[in-house]
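Undergrad: From first to last, the protein sequence lines stand for chains H and V. Oh and the first sequence: position 60 is 61 in the numbering used here, straight run, nothing missing. Oh and the second sequence: position 45 is 1180 in the numbering used here, straight run, nothing missing.
One thing to keep in mind: the hints can contain errors.
Said to hold, decoys possible - Calculated pairs, DSBU-like style, for lysine-lysine (alpha carbon to alpha carbon, straight line, at most 30 Å): (1) Lys103/H with Lys1155/V; (2) Lys1199/V with Lys103/H; (3) Lys103/H with Lys1201/V; (4) Lys59/H with Lys1201/V; (5) Lys72/H with Lys1176/V; (6) Lys50/H with Lys1176/V; (7) Lys1201/V with Lys1190/V; (8) Lys59/H with Lys72/H.
Said to hold, decoys possible - Restraint-style ranges between C-beta atoms, simulated for each label pair: (9) Met1180/V with Glu65/H: 24 to 32 Å; (10) Gly1151/V with Ile61/H: 39 to 47 Å; (11) Leu1203/V with Ser81/H: 27 to 35 Å; (12) Glu67/H with Pro1175/V: 15 to 23 Å.
To be clear, the hints were calculated from the coordinates, so they are not data collected in a lab. A virtual CB, placed ideally from N, CA and C, is assigned to each residue, including glycine.
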Amino acid sequence: AQSVSQHNHHVILSEAASLELGCNYSYGGTVNLFWYVQYPGQHLQLLLKYFSGDPLVKGIKGFEAEFIKSKFSFNLRKPSVQWSDTAEYFCAVNAPDTGFQKLVFGTGTRLLVSP
Amino acid sequence: GAVVSQHPSWVICKSGTSVKIECRSLDFQATTMFWYRQFPKQSLMLMATSNEGSKATYEQGVEKDKFLINHASLTLSTLTVTSAHPEDSSFYICSADQGLAKNIQYFGAGTRLSVL
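Build the full structure now, drawing on both the sequences and the hints.
TA: Below, the structure written as structure tokens:
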């Protein structure tokens, strides 16, 4: 079965610090990869996605992620975080064995950015 | 675009009663909707996949008679928690697939269920 690991459960940063959140998945074949963000009291929103092509994906709000197939990783990065980036971040994957329909989520990383 | 509305956002009920949660895609048609459950400080766990006009597909370990799912139209899916008990208290989240082979899910804001 597929699994997604997010090793950082809680991250605390000061504004302007750089961010990197780790995400590793277990599926060996072709996958679609996603990062979702959940701001306090709000619904999950899609930050960015990777389906194919350039492994460096740019998303909204200055976020980017790099797909490294050999490492089964899809880490999320932002060069300079803002207080408004305080949220929970979820990595997710879907795979062809479910028709690329079912999402498997990581456990999430809570990011707190102090002003 | 791609807005999913979920209602109610919070419901408190007595043990033994049933609760219905609605999930609507507001500006697109969703042939497939998904229902997730999220426990405190844990990830989202897929409960079932709901396809318009057909029976839902439940994940292993999810009681289909306990969690009734109906997807009667392309914009509405409902989850009914039947004979709710305190252990059913959780955060339930729906999502809708925009289709068109995009394989992107858009999420509702979730429903917090508290069973007394």
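Undergrad: Given a hinted range of 24 to 32 Å, is it respected by the beta-carbon distance of Met1180/V and Glu65/H?
TA: 28 Å Cβ-Cβ, so the 24 to 32 Å window holds.
Undergrad: Within a Cα-Cα threshold of 30 Å, do Lys103/H and Lys1201/V meet the stated pairing?
TA: Holds: Lys103/H and Lys1201/V sit about 21 Å apart, inside 30 Å.
Undergrad: If you check the beta carbons of Glu67/H and Pro1175/V, does the distance land in 15 to 23 Å?
TA: At 31 Å between Cβs, range violated.
Undergrad: Tell me if the straight-line CA distance from Lys59/H to Lys72/H falls inside 30 Å.
TA: OK: Lys59/H and Lys72/H at ~20 Å, within 30 Å.
Undergrad: Are Leu1203/V and Ser81/H spaced within 27 to 35 Å by their CB atoms?
TA: Violated - the Cβ-Cβ distance for Leu1203/V and Ser81/H, about 48 Å, lies outside 27 to 35 Å.
Undergrad: Going straight from one Cα to the other, do Lys1201/V and Lys1190/V come out at no more than 30 Å?
TA: Given pair Lys1201/V, Lys1190/V holds - Cα atoms ~15 Å apart, limit 30 Å.
Undergrad: Could you grab the alpha-carbon distance between Lys72/H and Lys1176/V and see if it respects the 30 Å cut-off?
TA: holds, 27 Å
Undergrad: Would you check the hint for Lys59/H and Lys1201/V, treating anything up to 30 Å between C-alpha atoms as holding?
TA: violated, 41 Å
Undergrad: Between the beta carbons of Gly1151/V and Ile61/H, is the distance compatible with 39 to 47 Å?
TA: At 44 Å between Cβs, range holds.
Undergrad: Hey, Lys103/H versus Lys1155/V, does the alpha-carbon distance stay inside 30 Å?
TA: OK: Lys103/H and Lys1155/V at ~23 Å, within 30 Å.
Undergrad: Lys50/H and Lys1176/V: Cα distance at most 30 Å?
TA: holds, 24 Å
Undergrad: Lys1199/V and Lys103/H: Cα distance at most 30 Å?
TA: holds, 18 Å
When held up to the earlier numbered hints, the structure conflicts with 4, 11 and 12 and fits the remainder.
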